[in-house]
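Go by the hints and put chain B onto chain A.
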Amino acid sequence: MAAVRASGVVKRFESTCALDRVDLVVAPGEVRGLLGPNGAGKTTLLRILLGLVRPDAGSVELFDRPPAQAPALARVAGFVEEPSFYPYLSGRANLELLAELDRGAGAPIERVLERVGLASRAVDRLAGYSSGMRQRLAIAAALLGDPRLLLLDEPTAGLDPAGVREVGGLIRELAADGVAVVLSSHQISEVQDVCDTFTIVRRGRAVWDGTVAALRAQAPASAFALETSDDAHALALAARTPGVRGDASGRGLTLTAERGRLDAYRSRSDTPAWRSAGSSCWPARSSRCSSR
Amino acid sequence: MSVAAELRAPDRARPPPSAGAVRAVYRVERRKLSAQPAIRLLALICVLAPFLFAAILKIQTGSPTDTLYGVWVHASGFALSLVVLSFAGSWGVPVVVGIVAGDLFSSEDRYGTWKLVLTRACSRRDLFLGKLLAAGTFSLTLIALTAVASLAAGIVLVGHQPLVSLSGTMMSSGRSLLLVLLAWLLTVPPALALAALAVVLSVATRNGIVGVFGPGLAALAMQLLLLVGAGVWAHLLLLGFAFTTWPALFTAHPFYGPLIAGVLVSVAWAAAAVAAAWAIVRRRDFAGAPVARRRGWRPAGRVALALTAVIVLFALAGGWGPAGVTADRLKGSLIPAFNNLTVLQQLALGRPVAPGARLNIVLPTCSRRGSAPRGPGDWVCTVNVIIPAQGSLPPQPTAVTYDVSVQSNGCYKAQSPPAFIGQQTMRDAAGHSVINPLYTIYGCFNVL
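Residue numbers (our numbering), protein chains in the order written: chain A, 1 to 292; chain B, 293 to 740.
Don't read these hints as lab results, they were simulated from the structure.
From a predicted model like this one, the values you see are computed outputs, not experimental measurements.
Glycine included, every Cβ here is placed at the ideal spot set by N, Cα and C.
One thing to keep in mind: the hints can contain errors.
According to the in silico footprint, chain B covers these stretches of chain A (three or more CB under 8 Å from chain B) [unchecked claim]:
#1 51-61
#2 85-95
Have a look at the derived ranges for each label pair, beta carbon to beta carbon [claimed, not checked]:
#3 A/V207 / B/I603: 18 to 24 Å
#4 B/I572 / A/R203: 54 to 60 Å
#5 B/D358 / A/E81: 23 to 29 Å
#6 B/L608 / A/P87: 21 to 27 Å
Isolated chain A, as found in the complex:
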């Protein structure tokens, strides 16, 4: 029995096609990443899986049941977009209400609060919570129901690096216990160590589906256009740097490499002096680069 089985899902909002014949299958214990830029349709797909939005066409089943049915949602938890709670209540009171809706089943509130690092702020009103704390509370709310399927929309948004690592570790532990997880992100770097498989969504269509290893193998290296004071020297330097390919045949110099290789290239002491200023990814004082 698949945790998620979506087939040919179509969803339109007025004239916008948010999802176009999307297929998705997630097995118990699998962590699936939905990758894509903003507006690609990741959140809409999660909304459909959570039963918040009905697809115009296609079928969706969670544990072999339609998502809008309570029996399905009883084993499903998650959140979409920025977490929202009742601001006039404390974090703990919010969780108590949700536990009441689950009729007291699932994990004890105190344990969940401790697990997400909010135990000390549980009695504070939501109005005083930072976005990171709200994100942690949303994860706590999701864990509260003892789910077998977690649907998380950008779960690490607003978290500090330590928080990102904690959430990643938590997800891996849940998956090890057989919980299926579908999480969305637009940054592969944040979730590549957490996910077993990825579905890349672009303009409402699932354009790629596979494992992390397959994605790494197939993904083209990034290309950067550089302006330097000595293109010939920079080209020669690239030729001596493993994994970096230089090309000066077009306008200016283009380097193609994974980001780590480019960093290694840049850090070499004999790098030519960069001519222009204003870079966002290279030393601001000496270079300008732009991703293609």
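Positioned in the frame of chain A, the structure of chain B alone reads:
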């Protein structure tokens, strides 16, 4: 131990999702409503306002004579409760149910929490029913608080003196109390219908302002519509009418047609509003902020248009059906009331009145000012009383003219210049200042 195993409570199995889910949602809504300062303040007002009203009346001599039983507020605590009930039916209840029920659904849109509650172990149907239950019970609780507070304020600050019926007869304190409680009970069906209206406005517009103020505006529109036309059918279909059927209990011969009609109409309004609200919730896509923002005030505009159309329809249908208020019905109610109140007046003055004594009234007339002699509005009634006097043969009739303000529910207030009936207060046989029962006559007749 793994995270999932650590968090899981092995001794508590997850219950079947449908069992008790509505009760769970109801408990959650009850807790949310109780935590809101506006609801707490409203409950405080419901308890304190009747006492404040009674205290103000206590320290001043005036009385709200335009309201049914208004002239009697200094004479009986039960009258005070009925005056509060009249105000509540017009304004209080729409405001209370608007605040309680008008934001119960739209607040989830405002806080963005639909996605939070809809992803728990309860269905849309459970959420809808639980919220509806909370809206109804909280509305009724606040109305009950007002009823109890108004009765307590009246009895404590004025007393539990017997009430004069709307036919001019005296009722015992026990019967007065029973009828006052029944009158408050009769506000339940239209109050629930207004709560359902608040819910559907809140659901359709996703706007708390429309949901909260909608019932009040609807009540105002219905009161204005009750002034339009003389036909009885369109008036019967208005919730405003259902709020004003209770006086039928306070006549010497209670009539139940309007009461039953009011209850049935309220049930129909409530059922229609709940069905519409459920249809919207059931079909709704909870698609998030960007889609919701695009909607803007368009839904509220559509709802306003639909309501305007309904109001225009009711206004056009104002003359539909037979006239409820006619000269004969008015005379048939006013003359016995005048007779009975004259007896009460004479008894209060200490004059002997034989049991079953009646005034000799000839050729009473009632005519409506300035237009057709039917329908609510301002009427003039003349009562010709033949009073035998020494040295006057044959006895000459004395004309008493009453200005009568008649409402569409058949209730009226009649006032006459003091030349014949005396001032508003008079001295009774013991020398106490008491209300002159003939100064302002309240009465009601059956419009069906």
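(request) With 54 to 60 Å as the target window, see if B/I572 and A/R203 comply at their CB atoms. (result) violated (31 Å)
(message) Taking 18 to 24 Å as the stated bounds, is the beta-carbon spacing between A/V207 and B/I603 within them?
(response) violated (54 Å)
(request) Using the beta carbons of B/D358 and A/E81, state whether their distance is inside 23 to 29 Å or not. (result) For B/D358 and A/E81 the Cβ distance comes to about 54 Å; the hint is violated.
(message) Under 8 Å between beta-carbons, do enough residues of the stretch 85-95 of chain A, three at least, approach chain B for the coverage claim to hold?
(response) holds (count 6)
(message) Verify the CB-CB distance for B/L608 and A/P87 against the hinted window 21 to 27 Å.
(response) Violated: the Cβ-Cβ distance is about 46 Å, outside 21 to 27 Å.
(message) Count the residues of the stretch 51-61 of chain A whose Cβ falls closer than 8 Å to any Cβ of chain B, and tell me whether that reaches three.
(response) Satisfied; 4 residues make the cut.
Checked against the numbered hints given earlier, the structure breaks hints 3, 4, 5, 6 and satisfies all the rest.
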